[in-house]
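Student: All chains should be built: construct the whole structure from the sequences, respecting the hints.
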Amino acid sequence: MREKIFVAVLVLITAAYAWGLGWIAWGFVRAGSAVGYGLALGIIILLLLTIWVTWREMLFGMGSGRLARLYEPPAEADGEDPRAEFEAARTALQEGAEHDWRAWFRLALAYDALRDRKGARMATRRAIDEHRR
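For the sequence shown, my numbering begins at 41 and goes up steadily by one.
What the hints contain is simulated information worked out from the structure, not anything from laboratory work. Some clues are possibly wrong.
[To be verified] The following label-pair restraints were derived from C-beta to C-beta distances:
(1) GLU116 to ASP156: 15 to 23 Å
(2) GLY72 to ARG42: 44 to 52 Å
(3) ALA74 to GLU138: 53 to 61 Å
(4) ARG42 to GLU120: 22 to 30 Å
(5) GLY105 to ALA71: 40 to 48 Å
(6) GLY101 to GLU138: 20 to 28 Å
(7) ALA153 to VAL69: 49 to 57 Å
(8) ASP121 to TRP63: 48 to 56 Å
(9) ASP121 to ARG157: 13 to 21 Å
(10) VAL51 to ALA153: 23 to 31 Å
(11) ARG109 to GLY82: 35 to 43 Å
(12) ARG157 to GLY76: 36 to 44 Å
(13) THR90 to ASP121: 38 to 46 Å
Where a beta carbon is used, it is the ideal one built from N, C-alpha and C, also for glycine.
Tutor: Laid out in structure tokens, this is it:
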């Protein structure tokens with residue numbers, strides 16, 4: 041529950057930031073000069089980028105949360121040794137579970153246990169994509 045409140049606060053802060061950017065852009069437009077229009081355009085691009093990144097991260101968080109609720113680790117999962125669990129998850133994918141979202145989510149958890157956040161995000165994205173299919 042604390043995580044949901046934290047995310048809601050971050051989204052509200054982002055919304056306030058977006059509103060502030062919009063207000064500043066409007067001020068530049070009202071200035072009426074070519075420089076003002078150029079600055080307003082730059083700010084609007086920054087505003088759209090902010091909204092897009094926030095939306096993508098929200099979708100990622102909701103998707104990974106949905107998979108976490110559905111996921112049940114296999115019986116042979118080794119929670120004690122992260123390296124062994126990573127090798128088992130990678131082997132499962134290589135042996136033909138390439139289109140199974142559970143295998144990709146298991147790999148994501150193994151990456152996370154090894155503190156490889158980039159790999160964990162990549163595997164989680166693939167798990168979300170496979171779950172949608």
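Student: For the range 35 to 43 Å, tell me whether the beta carbons of ARG109 and GLY82 fit it or not.
Tutor: For GLY82 against ARG109, whose Cβ atoms are near 41 Å apart, the range 35 to 43 Å holds.
Student: Just tell me: holds or violated, for the beta carbon distance of GLY101 and GLU138 against 20 to 28 Å?
Tutor: At roughly 25 Å between Cβ atoms, GLU138 and GLY101 fall inside 20 to 28 Å, so the hint holds.
Student: Please test the hint of 38 to 46 Å on the beta carbon pair from THR90 and ASP121.
Tutor: 41 Å, holds
Student: For the hint 15 to 23 Å, verify it against the beta carbon of GLU116 and that of ASP156.
Tutor: 22 Å, holds
Student: Does the Cβ-Cβ separation between ALA153 and VAL69 fall within 49 to 57 Å?
Tutor: Since ALA153 and VAL69 have Cβ atoms about 51 Å apart, the given range 49 to 57 Å holds.
Student: Is it true that the C-beta distance of ARG42 to GLU120 lies inside 22 to 30 Å, as the hint says?
Tutor: Since ARG42 and GLU120 have Cβ atoms about 28 Å apart, the given range 22 to 30 Å holds.
Student: Evaluate the given range 40 to 48 Å for the C-beta pair formed by GLY105 and ALA71.
Tutor: 44 Å, holds
Student: Does the beta carbon distance between ASP121 and TRP63 stay inside 48 to 56 Å, or does it fall outside?
Tutor: Given about 54 Å between the Cβ atoms, the range holds.
Student: Given a hint of 13 to 21 Å, does the C-beta separation of ASP121 and ARG157 actually sit inside it?
Tutor: Roughly 20 Å apart at Cβ, these two residues keep to the hinted range, so it holds.
Student: Return holds or violated for the Cβ distance of VAL51 and ALA153 against the range 23 to 31 Å.
Tutor: 29 Å, holds
Student: Looking only at beta-carbon atoms, does the pair GLY72, ARG42 fall within the given range of 44 to 52 Å?
Tutor: 48 Å, holds
Student: So the hint says 53 to 61 Å: do the beta-carbon atoms of ALA74 and GLU138 match that?
Tutor: 54 Å, holds
The structure is consistent with each of the numbered hints, conforming to all of them.
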